[in-house]
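Residue numbers (this note's numbering), protein chains in the order written: chain A, 1 to 469; chain B, 1 to 255.
Just so you know, these hints were derived from the structure itself, not from any lab. Just so you know, even glycine gets a beta-carbon here, dropped at the ideal spot from N, CA and C. A hint or two may mislead.
[Claimed, not checked] Straight line, CA to CA, 20 angstroms or less: simulated PhoX-like cross-link-like pairs of lysine-lysine:
(1) B:Lys98 - B:Lys242
(2) B:Lys242 - B:Lys189
(3) A:Lys349 - B:Lys98
(4) B:Lys253 - B:Lys242
(5) B:Lys242 - A:Lys349
(6) B:Lys70 - B:Lys104
[What the hints assert, rightly or not] Reference listing, derived: stretches of chain B covered by chain A, where coverage requires no fewer than 3 residues with Cβ under 8 angstroms from a Cβ of chain A:
(7) 11–21
(8) 98–111
(9) 117–125
(10) 130–137
(11) 179–191
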Amino acid sequence: MRRKAIGRVFAGVAGAAVGVSLLAVALLILITAFQAGPLTSMRAVAEAGISLSLRSLEVPGAREALTYVTIAQVVAGSPAAALGLSRGDALVALAGTGVDRPSRAWEAVGRAPGGRAVTLPVVWLPRAEVALGGLRAEWRNGEAQVVMVSPSAAAREAGLQPGDVLLAIGGIPVSGTRQAWEALVVAARTQGVPVEITVEREGERLTLFWDPTRTGELTFVRDPLRAWWSFLTTLNEPRYPERAGLLPAFLGSVYVVLVMAAVALPLGIAGAVYLEEYASQNALTRAIEILVANLAGIPSAVVGIIGLEVFARALGAGRSILAGGLTLAVLILPIVIVASREALRSVPKTIREAALALGATRWETVRHHVLPYAFPAILTGTILSFSRALGEAAPLLFLGAFLYVTYVPQGLRDSFTVVPLQIFAWATRPQDGFAAVAAAAIVVLLSFLLLLNAGAILLRNRYQRRWSE
Amino acid sequence: MSPFDFEPVLSARNFSLWYDSQQALRNINLDIPAHQVTAIIGPSGCGKSTLLRSFNRLIDLVPNVRVVGKILFRGMDIYGRGVDPVEVRRRIGMVFQKPNPFPKSVFENVAFGLRINGYRGNLRERVEEALRLAALWDEVKDDLHRKTGYDLSGGQQQRLCIARALAVEPEVLLMDEPCSALDPIATAKIEELIRELTAVTTVVIVTHNLQQALRVSDWTAFMLLGELVEFGPTREIFTRPKDTRTEAYVTGKFG
């Protein structure tokens with residue numbers, strides 16, 4: 001009875017382990033995919049032609065700053081430009097939702113009912129000079145007063161005149177020329193239009209009502225495929241998450257891994273062949289084996305120090321792809337050696353004997369038989385080590401790889417960034433949207449790793465030799 | 001000198017062998033007659049496989065092996081200074097206990113030895129010749145390149161290994177219990193083949209199976225605990241052994 005119970009406990013633990021790992025992978029994919037959700041609407045807003053920027057207005061006495069959103073960039077020739085939006089304008093509302101931070105605009109685009117393309121009403125306030133006209137700050141009785149020097153046509157229409165002193169906009173006391181416009185933006189959003197404006201004209205207080213906003217319609221194309229594709233294939237624009245691109249980091253990763261493979265594969269396989277096929281069992285061989293095993297246990301950040309001191313500084317490779325690839329090669333070399341030795345060991349001794357008995361030299365035996373037969377298993381093992389290297393950020397961080405690279409590296413001596421570093425850089429940005437971009441990059445990295453590992457498994461199943469016993 | 005009247009192709013002279021500190025062969029003196037079949041028999045662990053592997057220096061693969069004495073191959077000591085074991089193995093072929101074809105096509109299995117030896121002639125012809133010698137040609141001629149060694153049956157695999165060894169025209173063919181992994185029908189075929197091989201080479205076969213030794217060999221050597229107890233014509237060893245230990249073994253009293 002007791003033995004059965006132990007068996008059940010073991011099965012339970014094993015089942016739980018499998019379940020937990022499956023759950024972890026599923027959760028990881030679900031969470032990152034969910035986090036990356038806004039990417040589609042972010043790219044839709046960017047493709048409509050505008051980049052958004054978060055600003056804030058401090059109101060005396062208020063506990064928190066009031067935020068608003070300006071248009072930081074308008075792409076020439078885009079629908080937004082055609083509508084008349086320009087740089088410096090404030091976005092007040094989109095699809096009927098007040099926009100107090102960039103994510104609100106993306107959410108509005110994402111949530112709007114309709115198909116792939118949606119046309120949504122946009123409410124915006126032109127930039128200060130256009131909306132209000134010329135203002136001047138004056139000191140009177142120890143206080144700053146904002147005087148309208150040359151009101152804009154719209155302001156004149158609302159009844160404002162040159163020489164009016166702006167006291168409050170939407171109940172917010174006016175304290176500066178820029179702040180007056182900001183108050184107008186916030187009031188238009190929070191209180192609606194028309195906005196109540198209090199002015200002093202010739203010693204008298206007047207209250208006027210004015211709608212300074214402009215409205216129009218903008219079409220947004222919500223296409224997840226296109227959004228992801230453009231995310232993957234555009235250069236990075238570090239300031240605006242809606243224009244973030246993974247291309248430099250992705251190619252950086254690919255190049256670094258290629259350099260790493262070109263160095264670590266021949267070295268690692270040669271080392272494994274030496275240890276398995278040539279080395280006699282002596283103290284030196286055992287020392288090398290212990291060294292290799294310990295090298296595999298070195299924290300990756302420490303390997304980064306080797307990269308920095310040896311490759312970047314002593315050998316003068318700098319923070320280049322070459323130095324990055326060499327550093328990662330040091331990292332995976334022991335894994336390649338161990339995996340290759342395992343693969344070589346799986347080729348039965350009788351095959352070596354058969355070749356040697358025919359008068360083959362040791363090298364001919366390795367070259368024509370042992371290595372070719374072991375190669376699929378070597379490849380499987382090393383592909384798994386590649387996926388480890390692809391996910392490494394720490395050693396390259398130590399090396400001094402850049403966090404933002406806005407160009408595609410052209411040669412071995414170019415500086416670079418890799419996907420994990422780019423994720424790290426995005427994930428630490430507090431601004432709206434970067435979390436989604438980081439999550440999207442994680443999804444890309446995960447898919448790439450899954451693909452690699454699936455490839456390794458396929459390779460193994462396809463080519464793995466079963467030696468008859 | 002040999003007490004028998006033949007010209008030996010391979011001779012052990014006061015040959016001893018140690019694995020680390022354990023002695024596996026004790027002062028072996030043995031002559032192998034050319035173009036005949038010599039069987040080495042004896043109970044497990046008596047050193048017969050070790051002796052066989054000493055004949056082509058495959059024993060070198062085992063770490064910490066030490067030898068004393070000589071093994072003469074056509075008068076040359078193969079353990080002498082300056083002798084390349086690779087060269088020795090090119091001239092003395094071997095077939096193993098378990099069939100061990102390469103996981104390549106039948107053709108490539110047989111051609112490998114020729115290729116590494118830089119054979120200049122017609123590869124195809126030689127491969128066919130070797131396969132015919134091994135009585136395998138008719139069974140594989142249509143799939144030379146399509147079938148791998150692993151697609152064949154056990155008996156066919158062993159004959160493929162024999163063809164592979166014969167392709168390089170060895171002067172001696174060492175066989176280490178070549179039928180121990182085969183069924184009786186496949187065994188019969190191999191035994192028949194061994195008889196025919198004396199036309200082209202000299203065969204030394206280690207076997208556990210006394211009946212097999214009786215069936216295929218002209219000469220028999222009986223070994224016990226690393227020593228060569230008795231050597232002589234097979235019929236005499238089995239019918240009129242001089243040593244009581246040989247008699248006890250061949251009559252089935254131990255082993």
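Here is what the structure says about each hint:
1. B:Lys98 - B:Lys242: The given pair, whose Cα atoms are some 34 angstroms apart, is violated under the 20 angstroms limit.
2. B:Lys242 - B:Lys189: violated, 32 angstroms
3. A:Lys349 - B:Lys98: Since the Cα atoms of Lys349 (chain A) and Lys98 (chain B) sit roughly 11 angstroms apart, the hinted pair holds (cutoff 20 angstroms).
4. B:Lys253 - B:Lys242: Given that 20 angstroms is the threshold and the Cα spacing comes to 16 angstroms, the pair holds.
5. B:Lys242 - A:Lys349: Between Lys242 (chain B) and Lys349 (chain A) the Cα gap is close to 39 angstroms, so the pair fails against 20 angstroms, i.e. violated.
6. B:Lys70 - B:Lys104: It is violated: about 37 angstroms lies between the C-alpha atoms, which goes past 20 angstroms.
7. 11–21: It is violated: at least three residues are needed, and the region 11–21 of chain B offers just 0 whose Cβ sits closer than 8 angstroms to chain A.
8. 98–111: Since 5 is at least three, the answer is holds.
9. 117–125: Not satisfied, violated; 1 residues make the cut.
10. 130–137: With 0 residues closer than 8 angstroms to chain A, the region 130–137 of chain B misses the three-residue bar; violated.
11. 179–191: violated (count 0)
Going through the hint list in order, the structure does not satisfy hints 1, 2, 5, 6, 7, 9, 10, 11.
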